Structure formats: C-alpha cells, structure tokens
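Trainee: One letter stands for each residue in the lines below.
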Amino acid sequence: METKGIFSSNGIGFLFWIVVACMAWPLEAASAAELQSFGFIELDNLVNTDSDQDFADAVKKNEIRANLEVKYGRDDLHLFMKSDFYYAPNLCGDDDPYDYRYSAEAEVANNLRISGTETEADFNELYLDYRFSPFRLRLGNQLYKWGTADVLNPTAYFNPYDFREFLLRDDDQFRQGVPSLSAMYFHDRFTAELVFSFAHVPTLFAPSGNFWSLDMRNALYTTRVGSYDRLPTEWANTGIGGRISATVWGTDLSLSAYHGPDRDPVMVPDSVAFPPNEPLLLTIEPRYHIVNMFGMDFSKTLGDFVFQAEAAYSPNKRSLVMQDLSGLGAVRIPFDTRASDFISYAAGCNYFVPTGKIFENHGGETVFTVDWFQARYADDDLYGAYFTDLLTLRLQDTFMDGRLLFKYTAMFETRHNGSIHWPELTVDFQNGWTLALAYVAIDGDLDDEAFEPLFYHYRNNDFVSFKIRYQI
Amino acid sequence: MKKSPKASLKNRQLPWICLLACLSVACGQGSDSSEVILAGTLQGAALAENPDKPVLVAVLPDDPQRPLATPSLADVVMMVSADKTDYSFRLDLTESGLAPGQAINLAAFVDMNYAGGLPSLDAGDMVGFFIDAQTFSAAYELKPGLNDAGNLPIDRKIYDHQASLQFRLAENFGIVPGAGENVLVYAVHSQGLDLAARTVDVDYVVGMASMIVGQDGPPYPLDLLTAIYTGIAVSEDPFGLSDLRLIAILDDAPANGRPDAGEYLGVTLLAFDVADGVNVIANRIFFPGDGFVLPSP
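Just so you know, the sequences run in chain order A and B.
This note's numbering puts the first sequence at residues 3 to 474.
This note's numbering puts the second sequence at residues 81 to 377.
Hints may be right or wrong, so weigh each one.
So the derived label-pair ranges between C-beta atoms look like this [said to hold, decoys possible]:
1) B:Gln123 to A:His423: 50 to 56 Å
2) B:Asp323 to A:Leu448: 29 to 35 Å
3) B:Ser315 to A:Asn462: 49 to 55 Å
4) A:Leu448 to B:Gly230: 46 to 52 Å
Keep in mind the hints are simulated off the structure, nothing from the lab.
Bear in mind the structure is a predicted one, so any value in this text is a computation, not a measurement.
For every residue, glycine included, the Cβ atom is placed at its ideal position computed from N, Cα and C.
With the rest of the complex left out, here is chain A (with noise of 0.2 Å):
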C-alpha cells in the first residue's frame, strides 16, 4: 500500500510540522499557561432511501467521530488545535463493505490529515497563536473565512472544499485546513491580513465506489474520479493572498487577493482503459492551476435583516475546452484546457424573524437566509463551472430555550432542475446529549450536458440521517 504524504521524499510538509512542534515546545514551560478542552463524540448513521436496492445495503454509513479542541497556553501565546477523529466500520456487514471510505488508500496529506479506508484524522486547526499589539501571528493549519456568503464564498480561496459528502457535510466539516503563515494587523480603521500558504491542499472527492463518489456509468463507460494529487511544494506553486477590512458608514467590507493554486480543480477527462469484462474507464484527473484572484465582499445590517454579497474576479482561470461529443471517435482524450476570464458572486441577506414578538413563549430565534451563487467564464468556448447557479434557501428555528432546534434547507440549482430538501431536527436534552435526525431529498434533470449533472447525479442518494452527539 503505497503512502503519501509527509512521509514521501517531498517532505517539506513534514519539516513544517516539526517547526511547529519545536515552536510549540516553549509553551510547556510558560508561565501562567493553561490547557482548555472541549469536544463531543458523535455517532452518524446515514440510510439511504432509495427502493431499489436490498435493504442491508441501504445503511451506507455508521460513523463515529470524536471531536477536540484543545487551547494551551496563554491568550497571547498558545497552541490551538481543533481535531476530528473519525471511525466508519462495516457494521451492517452487507455486500459492498465500501459504501463509505475516506479514501482509497492510506495516506497523509500535506495538512497531516490521515486517512485509511475506514479511519481518518483531520486536523483543521492546529496553529501556534502569537500575538503582541497590533499584530497577531499565526503559524500551522487555518480556516480562513473570508467573504460573508452563508454557502458556497467565492473570495475564500485558501481553503479547499470537502466535496465527500457532496455539499452535505456539516459546516464545520465542509473546508479544509491549510498548513500556512498568517499575519494579522488591528488598527483602530481597519484590519489587514496577509497569508502565505506554502503547501498545496487538494480538494476532496469520494474515492470511487463510495456511496458519494463521483463514479459515472451509461452504457458505454463508467468514470472514475483518479489520484488527487496535489500540487509540488515549491515556490511556484505557493500561495499568497492578502485582504483589508473595515466599516465604513456602517457597512462592513473587505477587499482581498490572491495568488496560487486554484482552490477548485477543472476535472480533466484524461485517459480511457479497457479492463476485461467492464465498460470502458475514462479516468477524470482533478487538475489545479495557478490562478490570480480579486475579490471583494460586505455586510450591511438593516433593522432585523443582514444583507451581504461577495465577488471574485480572476483574469486566468481555467476550464476544459468543449468539444463536439456527438462521435466518440472525434473525441481527443486528455481533454484541452484553457485560462479564462471568470467571476462568481455570490449575494442574500439573513432575516431574523422577530418571532418573539408573536410567541412570547417561544424561547429561542428564527433566520430566514436566502443566498445566491453563480460563476461564468468569459470564454464560451470552454466548459461551466460546476457549481453555479445555486440558490439556497433555510429557515432556522431555535425554541424551548434551545431544545429544540429546526433547520430546513432547500437549495436549488436553477440550470438543470437540481435540487436538496434538506429538512433537520436536533434536540438538545441540555445535558450533553444532542439527537438530530435529518431527511435529503436530491433531484435533477439530465438535460443534454455533455457531463453529468451533479444534481442528477446523486438523484438516487435520497438518505434519512440520525446523529447523536454526547458533548464533553
């Protein structure tokens, strides 16, 4: 089994985190240092609902994750690390006891994430923390958060996407720490931030044969998601971005930049084999680029509503060329690739819905969030991006002092008919113990896209959810 990662002859991302460790070594003789811990334990079963399977085979997924964040050291010097350490085992023993892998193989990336078939550690967050006014530092694995959209946020280049779970996972779950230098500066009008990330992180995608994976099959091939490989670490291919904030007449706004590894990779249809006895296998190789960023982003609360939109331009990036489809022969496989004018925005507003005022018992809040995203490439010679398009709506209800908490979120991808009823309930005994139980509802059309649409794609992965956390 081959490894990957830190432990291959491109270690620099090895050396990074002995760095950290050494710098992190001074703390235990700090005075006045503290350990704070927090976590919770969860256990995540995930049924799918689709009729026409056997019934064992519909759990596709019983998952334990223990979850820890550790803060040691003082407020102005401290290790910070948010972990998660996840356990998928085949309980259900049924035919195909790959329904749910964090990855094809063992291996270690780059952001010491550490993943077997049916184990796997993520460490988000794990950052030395130093801070003296006005600056504060941060050295290791960070999430950075920038842009204001409640989806998918066009001016957070650094972090990539986990894309396991489609766009299901849980927030907190859903980006990907980046091992970086982050300098933070507070003056009195605004707030700068300059970032250098120095090893590349892929995007995550299921590994094929996963209940999310991406694999395709008609009637003349299947596609498979191949390696995805990260870039070289060296200097050509580190990022660096850097954005300025501030209030102005009220309204929050940021500006920002980048340069670097494009955060979303052009999926390169790069190869066809023939194994005995199979439909063909055309091979679908995550590529990422170089690419230049410009973005900007604000927040302007009105009353009990909180409007909010982000944008990004970038003068050079990238996406397959089109090609006539209609003859297989005519087909050139790898697929060409080209650098392209591109924006993607993303707009909506959070209305706090005073409940209150008409339940005076009700005991808890409500949102109302609507968000809208799209991205288009200048060049109409190349292929769309994947995600656009994207209206998302939620409502949020939090009553009986927090008990009780309703979530029901519908998002909609308005170029094929795709669409995620996303209906959620959590109850919170306030003891610890959380239950939520949760149903997905996916839909699309097909159309004549030459690829498939992801909505349609996933239109059979309809699944009931039941999570129940125990906090520490």
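Chain B: place on chain A using the hints.
Mentor: Leaving out everything else, chain B in the frame of chain A:
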C-alpha cells in the same frame, strides 16, 4: 464553549435506545436479485493480428428490420471490453434494464483505427454479429442466469459507402407474389449461394430487405450492408462488389418476417456487379415454384 451539566441516568438511556432501534432496523437482511449474464467467446484473425486494438462487445435492442447492420453506438444498451487473454466476454445485464424474455442483438468489434481516446465504430473496423444461420435472425432471447452466446466471429469489415439496389419481381412467369404479401430479399455473393441445395451462407449476405409487394415498390429498394465478410473480394476505392445475386423468400408460411422451411424461393438468374450509389438491377427476381422452396434445416 460551555461544558454541559452531568447527565442523569434516565436521560442517558434514551439516546441509546433510539440508536439501537435505528441500527436494528437498518441492518435487515436483503433478498437476492436474479442475475442476467451474457457470456461467450470471440474468434477471428483480426483479434490476434491486432493485439493493441480495443475489442468491444455491445448489446443493442433487437431490431428485426436491420440484422447485420453496423450498429450505432448511440443505441448501445451496454458495452464491455473483451478479455484479451482468451477473447471471452461476459456482460452482466442484471441492472441494464433488460429482463429475461427480452430479445437483444449482440455485436463485437475491433476498433482498427483506434489511436487513443474513446473508441468508435467506423470504416476500417472489424465487426461480428450474433445471427442464426438458419433463420437469419439476429435476435437473442435472454434467459435468467447465464446466457451462452457461443462463438461470435469477427469477420466483417466496415466500408464507407452508400451503395443500394433497386430491383423488381418477375410478373409474367413462375410464382407471382400478390399485392400485400411480404417478401424477404437478400443480396448474396455467389460464393455463398448453393442453388442446388437451396441454401445461403449468411456470411456472404451483403444486404437484406423486407418488402411488401405493391406497397414498397416497384422498384424496391435494398441498401447494401456496410459490414462485409472478409471472404468477399471488395473494391475499396471506388467501392464495388461483383458477382452478386438476389435471393427472395415469399414469407407466407407463416408470415413471420423470417425464412421458414417450405417457403418459396426466388432468385435473379444472372449475377451482377454494384458500385457506390444507386444500382438499378436489370434482372428480375423469379420464383420458379414447383418445389423450389427452402429446405428443412
């Protein structure tokens, strides 16, 4: 983050009960589904002579009107690569939407001009079909479980041409089919025709048509196949075939779209040549009658 107060025993039990209920329901036993497997072997010189070329086996919906027609990949229900170690193939049709009792067509081809990327089926490629040598039917009826497709010869080469025939039936002597009767017509290379035994070797069939007298003509059209047996001499540039005859079967005993023993046999008395484009055949198809019928197999 606020640390939660200690849970009482009663409150601790409830989630575990829910959890166990969930797991016990979710882990039920499933039932086996019936498989439909189609397996066989391929043969033909093109296989061994072109070991680096893709060899593919395709299942198509049954089209009784166009047996031996070069398939369009757009119509394929399922296609797999053959196992080149022994040129066998095995298609699992269980989840293809095809069910036992349904008829399918089966074709295999070697993509001779493959140069990387996705394969195609076009001029220069070698192709073979499942076809019943007696009934000239390409229909294969699926059964539950394993279906043996036998040996599939890949022995036809695809040519790029639009050659077709226009022919007439003799109206003044022998058996004269009446208006509305169905006639099956085959363009056959003379090498595959044994008039004494009244048999046709399906390999040498280069065209076929099913026509209704008085409705589809005269003259009646017949498109030549683009896939032609390698045992037939073909002029490639320009396309041409020589020494062909037309054989007709009066499909009336019973009228089922297939040749049956006892049905009257007709033939053009003289051989003819064809070129690309429309070829008007001067010789009319003549049904001698008097026992000139298809023999029992």
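Trainee: Does each hint hold? Answer for all of them.
Mentor: Taking the hints in turn, this is what the structure says about them:
| no. | hint | verdict |
| --- | --- | --- |
| 1 | B:Gln123 to A:His423: 50 to 56 Å | holds, 54 Å |
| 2 | B:Asp323 to A:Leu448: 29 to 35 Å | violated, 49 Å |
| 3 | B:Ser315 to A:Asn462: 49 to 55 Å | holds, 53 Å |
| 4 | A:Leu448 to B:Gly230: 46 to 52 Å | violated, 36 Å |
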